[in-house]
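Protein chains: 2
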Amino acid sequence: MRIVQKFGGTSVGSVERIRETAKIVHAALKQGSQVAVVVSAMSGETNRLLGLAHAMSDNPSLREVDALVATGEQVTAALLSIELNKLGVSAYSFSGGQAGFKTEGSHAKARISGVEGDHLIQHMQNGEVPVVTGFQGVDASGNITTLGRGGSDTSAVALAIAVKANVCDIYTDVDGIYTTDPRIEPKARKMNSISYEEMLEFASLGAKVLQTRSVELAMRYDMPIHLRSSFDLIEGTRVSREDSDMERAEISGVAYNRDEAKVTIKGIPDQPGIAASVFCPVAAADINVDVIVQNISEDGLTDLTFTVPRSDYAATLKLLNQLCISMKAREVRGDDTVAKVSIIGVGMRSHTGVAKKMFEVLAKENINIQMITTSEIKVTVVLEEKYVELAVRALHHAFNLETA
Amino acid sequence: MRIVQKFGGTSVGSVERIRETAKIVHAALKQGSQVAVVVSAMSGETNRLLGLAHAMSDNPSLREVDALVATGEQVTAALLSIELNKLGVSAYSFSGGQAGFKTEGSHAKARISGVEGDHLIQHMQNGEVPVVTGFQGVDASGNITTLGRGGSDTSAVALAIAVKANVCDIYTDVDGIYTTDPRIEPKARKMNSISYEEMLEFASLGAKVLQTRSVELAMRYDMPIHLRSSFDLIEGTRVSREDSDMERAEISGVAYNRDEAKVTIKGIPDQPGIAASVFCPVAAADINVDVIVQNISEDGLTDLTFTVPRSDYAATLKLLNQLCISMKAREVRGDDTVAKVSIIGVGMRSHTGVAKKMFEVLAKENINIQMITTSEIKVTVVLEEKYVELAVRALHHAFNLETA
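Respectively, the protein sequence lines represent chains R and W.
In this text, residue positions in the first sequence follow our numbering: the first is 18, and each later residue adds one.
In this text, residue positions in the second sequence follow our numbering: the first is 18, and each later residue adds one.
Errors might be hidden in some of the hints.
Given that identical chains are not distinguished, each listed pair holds provided it fits within a single copy or across any two copies.
As the list claims (entries may be wrong) - Straight-line alpha carbon distances no greater than 20 angstroms define the calculated EDC-like cross-link-like pairs of lysine to aspartate or glutamate that follow:
no.	residue 1	residue 2
1	381	145
2	373	192
3	126	156
4	403	377
In short, the hints are calculated from the structure, not lab data.
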């Protein structure tokens, strides 16, 4: 068994936590596994370093910020190696560049273009543990680069692929993916397994435990991820290719996101290219549009409604009011008290009537649906934020998610 | 003019200090110089990192400690580059490995085996400023190594040699080398210039401003060092090859060191190999022996006296008491209230009677000389510690050091 174990910031957040983490690595070795480790910076360290950069300049060079924050993981990797040595393990820290992580693209959001992992396999076969800094690599010119948000998970998956690991264990401060948020529905159940596609949908809905990039990479190379807690060594949730088991249930879980605002531009003269004339300036302003609905044209006029992150609400309204004039539309309306609730599951592919059942459940609770969007394995509705808890609990119950 | 500027820990000890340091670099560029910079870790940072390593383990692997503490300079290099960018300077941070510092020897005390500086020359010729981490490099296997004490000065000199600089400016928190300690003799005068050999003697006597290794390297490649203050931009002391000017004065300065203890092993049977039988075990115990005097043999017995750092006094006494028995010597005596006072100067080569004059001056003050040792450009006496100030002032005056 060859494993890559990845430990996030809270799992290495202090000397004590690093000790616990070393025990996990040691235990895997004692079970006969070959192990490589990927670490994040100690929690808070990246922010401390960014604080220094911003104390220096309002607009620090991204190359230098990368070189600066990359030291955070280097510190963790060295400290964990020291602790592993104490336990009798031959561990060696490697920076991204030393480990063989090649990147392309711009600073602060580089992409991994390849990992030269052969020397690491050699170490692992000798019973040694490479402790690799996540989140970073070097570009073709030898500059230190960082991968941006979620980079460490992506580093771990990329390393697992490069060293031909059987699984990539991602240790974090939660013990898996739940059928829904247990703070809303105490009967929420931890899932033993979930498909890559479902994980992507959960991630895009704010399940922050695994970043989309890492799941996409794992899916492309069929690398199983075991998402688990470093605080409690029970089985977590295994993310892998869809299997027959997964097809049984109609849906796998219910997700929600409160970080939503809805805007409508009404009475736009309906002519080719109106979507482009709205969404091009919105995209140029770096605003992420999510659900989009365009009404049926009436009297040659149409309405366009879409959701944006709540933090972009004010900027979006301002932009649309300008567009409203230039496009000769009637008016702009907005609402920042909406939320999204989604049901997710690969079972939708084989079960019919799942969306209909969702709408019936919500209707029965007198919850008005404002917008609907569907994908192959997800149905999302936009509704008033105050209904989130009610909707989540009703759906969780109606789809029998409390029982495996 | 091509310059390497080196800034120590106090010169980059805070965001504010880094701003001041950036101004110094900027000013040199505006004067038309090509500049590369070498930086230390922010003062306190190396100790913070070592503290983490030792919180982890009493005996951390030196490889990992090197990887850990190397981040200290990386942080400074990035922050200084960010500040230089703000001033409109194209600056790029480089880790030791990125800059091309190759090392050999063991971790924590690696030696620089070479610097591949051509890409840095290219940057400098383009008006860009490489900001290089001092104190570190990579070994032949790509491991991060550090150079040990005084490493940053040595990095700066090595870089200056590699990029064929005209001078290596070493900025620190003192403004130069004085004829003696101004706290003892207020008439002490800052020297404009000093030879490498003299600097080495001053350094070995505790003038901590420039480490011996860096001076030796500069001497070997004839690289002038300009030692100066980053807090006060006046001329400092230039360290270079001996020139005709330097030959004028009998001596250049008076140095002292209180960190001395004296031990004597008395009545040793005088036979070949006794020095070896004493100093081999002393060296094995990692005790640095300094001044050594062996008395003329009398009745087939001899006495051996030597000085050690005061911190090694107790260990030395213990060791000698064991040796005393095994060597059938008479007794061991010790005194840890002694000090060393030296006069230093290349002028001694051309002036005769310098040592005699020193002894006369001390005799006139009724100061008893306990031990004497001489080199080509230095005379050192060991005396009771209480006479240090008196001896320093008397010698400073007698050799006319207050006037240039």
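The hints, checked one at a time:
Taking CA atoms no more than 20 angstroms apart as the test, residue 381 paired with residue 145 passes in neither setting, with 60 angstroms inside one copy and 69 angstroms between copies. Taking the shortest alpha-carbon separations for residue 373 and residue 192, neither the intra-copy value of 32 angstroms nor the inter-copy value of 82 angstroms comes in at or below 20 angstroms. In the homo-oligomer, the alpha carbons of residue 126 and residue 156 lie at most 20 angstroms apart inside one protomer (12 angstroms), although the nearest pairing across protomers, at 30 angstroms, exceeds that limit. For the identical chains of this complex, residue 403 and residue 377 are intra-copy neighbours only, at 19 angstroms inside a copy versus 97 angstroms across copies, given an alpha-carbon limit of 20 angstroms.
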